[in-house]
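**Student:** -12 is the number of the first residue of the sequence shown in the numbering used here; add one for each residue after it.
Since the hints were derived computationally from the structure, they do not count as laboratory data.
Careful: at least some of the hints might be erroneous.
[Said to hold, decoys possible] 25 Å max Cα-Cα, derived SDA-like pairs, lysine to any residue:
(1) Lys165 / Leu144
(2) Lys130 / Val85
(3) Lys130 / Gly151
[To be verified] Between beta-carbon pairs, the in silico distance windows are:
(4) Ile163 / Val4: 26 to 34 Å
(5) Leu149 / Ala125: 20 to 28 Å
(6) Phe66 / Gly126: 20 to 28 Å
(7) Pro113 / Asp55: 49 to 57 Å
(8) Asn(-7) / Gly84: 44 to 52 Å
(9) Asp(-4) / Pro142: 45 to 53 Å
(10) Gly20 / Ala125: 37 to 45 Å
(11) Ile45 / Gly24: 17 to 25 Å
(12) Pro93 / Leu131: 23 to 31 Å
(13) Lys165 / Val4: 44 to 52 Å
Everything numeric in this text was worked out from a predicted model, so none of it was measured.
All C-beta atoms, glycine included, are put in the ideal place defined by N, C-alpha and C.
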Amino acid sequence: MTSDGNRFDGTYQGVVVSNVDPIGLDRLLVRIGDVLGDEPVWASASTAAPSMNVVPLINSGVWVEFQDGDLSRAVWTGFRRDVRQEGPPVANSILPGVPQIVLGTPQPAVGTLPQNYLLITEQPGPTGGIQLQIQGPAGPCIKLNETGIELSCGPGLASIRLTGTSVVINNGTFIIPK
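With the hints as extra help, turn the sequences into a complete structure.
**Tutor:** Here is the structure:
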């Protein structure tokens, strides 16, 4: 991190002040205390693909850089985790060292679980594979793993599970053998 007169090179810690861009370009209004104090600046998004759209919550930590060191050309380049915001809790259910990808909507309030997530992991057994969860642990989900495929409306609700040898409907109420 260097600053030479009016040039600011490097990566700076920012905090999202507003995530609503009035011109619809997915910019964030961010505060970068080390550079501008309490004065917020609009930062353009740097994404992995042009069709990718990720909008952090207000007060989220982000990393900010300035194109060519110019304060009027801020770019937010990624998220910064801190004590206030952690990743989706389901990421902690996977054994350490097992490859995983977790995409989850942010926590709606402190202490609540993310509502929706997609988990892709190499963990063996029924907890591995791919899981799409909607509306938290009590909501509908789709699971694909080495033991089969499950489509569920939520715990205790209607479900269909396909295994190599049968179709299990509503947690065993009806079983159709292969």
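**Student:** Does each hint hold? Answer for all of them.
**Tutor:** Now the hints, each set against the structure:
Our distance criterion of 25 Å between C-alpha atoms is met by Lys165 and Leu144, whose separation comes to about 24 Å. Among the hinted pairs, Lys130 with Val85 is consistent with the structure: their alpha-carbon atoms are about 18 Å apart, no more than 25 Å. Annotation: proposed proximity of Lys130 to Gly151 holds, straight-line Cα distance about 15 Å (limit 25 Å). At roughly 56 Å, the beta-carbon separation of Ile163 and Val4 lies outside the given 26 to 34 Å, and the hint is violated.
The beta-carbon spacing between Leu149 and Ala125, approximately 23 Å, falls within the hinted interval of 20 to 28 Å. As the Cβ distance of Phe66 to Gly126 is approximately 25 Å, the hint placing it in 20 to 28 Å holds. The given range of 49 to 57 Å is respected by Pro113 and Asp55, whose C-beta atoms sit roughly 51 Å from each other. Look at Asn(-7) against Gly84: about 46 Å separates their beta carbons, and that is inside 44 to 52 Å.
With their beta carbons about 52 Å apart, Asp(-4) and Pro142 fall inside the hinted range of 45 to 53 Å. About 40 Å separates the C-beta atoms of Gly20 and Ala125, a value consistent with the hinted range of 37 to 45 Å. Between Ile45 and Gly24 the beta carbons are some 19 Å apart, a value that agrees with the proposed interval 17 to 25 Å. Distance hint check: the CB atoms of Pro93 and Leu131 are about 25 Å apart, consistent with the given range 23 to 31 Å.
In this structure the supplied range 44 to 52 Å is violated for Lys165 paired with Val4, their Cβ-Cβ distance being about 58 Å.
When held up to the earlier numbered hints, the structure conflicts with 4, 13 and fits the remainder.
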